[in-house]
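So the sequence lines, in the order shown, correspond to chains A and B. Per my numbering, the very first residue in the first sequence carries number 31; after that it's consecutive. Per my numbering, the very first residue in the second sequence carries number 160; after that it's consecutive.
Hints in this document: simulated from the structure, not taken from any laboratory. Wrong hints could be hidden among the right ones.
Stated by the list, open to error - Not close to chain A: a few residues of chain B, all C-beta gaps over 10 Å, as computed:
#	residue
1	Pro171
2	Asp176
3	Leu181
4	His205
5	Phe224
6	Ile233
7	Glu258
8	Met260
9	Ile325
10	Arg330
11	Glu369
12	Asp407
13	Arg459
Claimed, not checked - Incomplete in silico selection of chain B near chain A, CB under 10 Å:
#	residue
14	Val254
15	Glu337
16	Asn354
17	Pro356
18	Ser357
19	Gly425
20	Gly429
Just so it is clear, CB atoms sit at the ideal spot from N, CA and C, and this is done for glycine as well.
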Amino acid sequence: MKVSDLTNVDGWQCISADAADNPISAGYTSDLLSDVMANAPDDSVLITIQAHLNTVAVAALVEVRAIIICHSRRIPDDMIAAAQREGIMLLRTEANQFDTTVKLHRLLTGDCN
Amino acid sequence: MKALPVNPDQSPLVVLDLLFKLKIKDVMTAEVITVQRTDSLRKVQHLMRDSRISGVPVSENRRLFGIISIDDIIRALDAGHINDPVDRHMSVNVVVLEEDMPLSFGISYFDKFKFGRFPVLNHNNQLVGILSSRDVSTTLLLELLKEYRKIEEQLPHHAPQSAGPISQRFRINRYDFENAGKAAQAIKKILIKRNVPSARIRCAAVAAYEMEINQVVHSIGGNLSYVIDDDKIELFAIDDGPGIANVDQALEEGYTTANEWIKSLGFGAGMGLTNIRRVADEFSIRSTLGSGTRVHAVVRLKDSNGSATDKTR
Numbered sequence: 031m032k033v034s035d036l037t038n039v040d041g042w043q044c045i046s047a048d049a050a051d052n053p054i055s056a057g058y059t060s061d062l063l064s065d066v067m068a069n070a071p072d073d074s075v076l077i078t079i080q081a082h083l084n085t086v087a088v089a090a091l092v093e094v095r096a097i098i099i100c101h102s103r104r105i106p107d108d109m110i111a112a113a114q115r116e117g118i119m120l121l122r123t124e125a126n127q128f129d130t131t132v133k134l135h136r137l138l139t140g141d142c143n
Numbered sequence: 160m161k162a163l164p165v166n167p168d169q170s171p172l173v174v175l176d177l178l179f180k181l182k183i184k185d186v187m188t189a190e191v192i193t194v195q196r197t198d199s200l201r202k203v204q205h206l207m208r209d210s211r212i213s214g215v216p217v218s219e220n221r222r223l224f225g226i227i228s229i230d231d232i233i234r235a236l237d238a239g240h241i242n243d244p245v246d247r248h249m250s251v252n253v254v255v256l257e258e259d260m261p262l263s264f265g266i267s268y269f270d271k272f273k274f275g276r277f278p279v280l281n282h283n284n285q286l287v288g289i290l291s292s293r294d295v296s297t298t299l300l301l302e303l304l305k306e307y308r309k310i311e312e313q314l315p316h317h318a319p320q321s322a323g324p325i326s327q328r329f330r331i332n333r334y335d336f337e338n339a340g341k342a343a344q345a346i347k348k349i350l351i352k353r354n355v356p357s358a359r360i361r362c363a364a365v366a367a368y369e370m371e372i373n374q375v376v377h378s379i380g381g382n383l384s385y386v387i388d389d390d391k392i393e394l395f396a397i398d399d400g401p402g403i404a405n406v407d408q409a410l411e412e413g414y415t416t417a418n419e420w421i422k423s424l425g426f427g428a429g430m431g432l433t434n435i436r437r438v439a440d441e442f443s444i445r446s447t448l449g450s451g452t453r454v455h456a457v458v459r460l461k462d463s464n465g466s467a468t469d470k471t472r
């Protein structure tokens, strides 16, 4: 699966669509950035409510390819700029972390039920 | 005091650029030796001798009252009033610099006034440092060295993959979340260029980032330095305080002293030091309450026996 496959998912709004060719193979759901750093797999999608610059910094260090911000949290401009600079896709959704995680899991495993 | 050998009208562009880019606070000595108004000139004389300095600000609770120079001491010895309190003989019309001024401004002061040093105040008029011509020349030399390296890297010839040891130091400020991660990013870039296995890069970058965040969140400010050679990266995080009361407790996963604001940003989960310890091949921490904390970590850049060992998993 590629990052670009995340852009046409119902309910997920694409905020910045950089490096759409990057591969994704896993997801990680956490609002603790130290936990993300310790445990997020390479080539993963991060599901979080932490809508700020440092989330991008952490994501870049551990090869997270896309970030999905839940609960429609406002995304500051400097976060968008950082995501573009680092080649990380930014998405936003009204849904909570649990529902978003389930949806991503289905996309990754091809399970449509 | 001789003028600095930096002429803002006739220096190469790279120097001019640095003079405007660097702020006084990047260059000054932040640990200022001060005396109080009631201290005797004799005490100042000994302090100057022991610390090899030629001027001391008179300050209490970071408020600046005056400055005593070695000339004042010589005069006091001559006139026999060396046991008088400082405030009777200090200069009260002190020329000061502000921490956010560009360095070019500081250099013009060394030309304009014949003083060897200028106290530095923040915008609340608190004494935060002192700028001597020595601070200026050492910082400029270091910065020029960095610029020189950059130019060297851009040269078209094939640079060897490991070009010997590289080191750099980053200043880290309290609550400056915006710049946290600069060191980790720089380290990652270098290691990618040196073809270090990605699992090792991740360990090094995580250790550096946690060190940066620790200083941003818990310290009043500090420095992060790295030294990269062929086999390993060594990280030193040295802060200016306030120090950790119980280091063993701080090393327990989940223990934190962070406030709610920090936690709302996703930090302060009590995982920082344990994360560093887990990714590092060598780890040590030393802390003194009231003076500061020093964290040292080494991450090896080669997989042992050629097999990939990712300690973060």
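Note to self: Under 10 Å is the threshold here; is the Cβ of Ser357/B close enough to any Cβ of chain A for the hint to stand?
What the structure shows: holds, 7 Å
Next item on the list: Hey, is Leu181/B genuinely clear of chain A, shortest beta carbon separation above 10 Å?
Entry: holds, 23 Å
Next item on the list: Answer holds if the nearest beta-carbon of chain A is closer than 10 Å to that of Val254/B; otherwise answer violated.
Entry: violated, 38 Å
Notebook entry, point to check: Is the Cβ of Arg459/B farther than 10 Å from every Cβ of chain A?
Noted result: holds, 18 Å
Notebook entry, point to check: Should the interface hint for Pro356/B be scored as holding, given a Cβ-Cβ cut-off of 10 Å against chain A?
Noted result: violated, 12 Å
Next item on the list: Taking the shortest Cβ-to-Cβ distance between Met260/B and chain A, state whether it exceeds 10 Å.
Entry: Nearest chain A Cβ is 26 Å from Met260/B, so the label holds.
Item checked: No chain A beta carbon within 10 Å of Ile233/B's -> Non-interface label on Ile233/B holds, nearest chain A Cβ at 53 Å vs cutoff 10 Å.
Note to self: Hint validation: Asn354/B versus chain A, beta carbon distance must be below 10 Å. Holds or violated?
What the structure shows: Hint violated; Asn354/B Cβ to chain A Cβ min 16 Å, cut 10 Å.
Check: Any Cβ of chain A at or closer than 10 Å to Glu258/B, or is the non-interface label fine?
Finding: Consistent with the label, Glu258/B stays out of reach of chain A, its closest Cβ about 24 Å off (over 10 Å).
Next item on the list: Tell me if Gly425/B is really an interface residue toward chain A, meaning its C-beta lies closer than 10 Å to one of theirs.
Entry: This hint holds: Gly425/B lies near chain A, its Cβ roughly 4 Å from the closest one there, short of 10 Å.
Check: Does the claim that Phe224/B lies outside the interface with chain A hold up, using a Cβ gap greater than 10 Å?
Finding: Since the minimum Cβ distance to chain A is about 41 Å, Phe224/B lies beyond 10 Å and the statement holds.
Next item on the list: Examine each Cβ of chain A, and state whether all of them lie more than 10 Å from the Cβ of Pro171/B.
Entry: Pro171/B is indeed farther than 10 Å from all Cβ atoms of chain A, at 30 Å.
Checked against the numbered hints listed earlier, the structure breaks hints 11, 14, 16 and 17; every other hint is satisfied.
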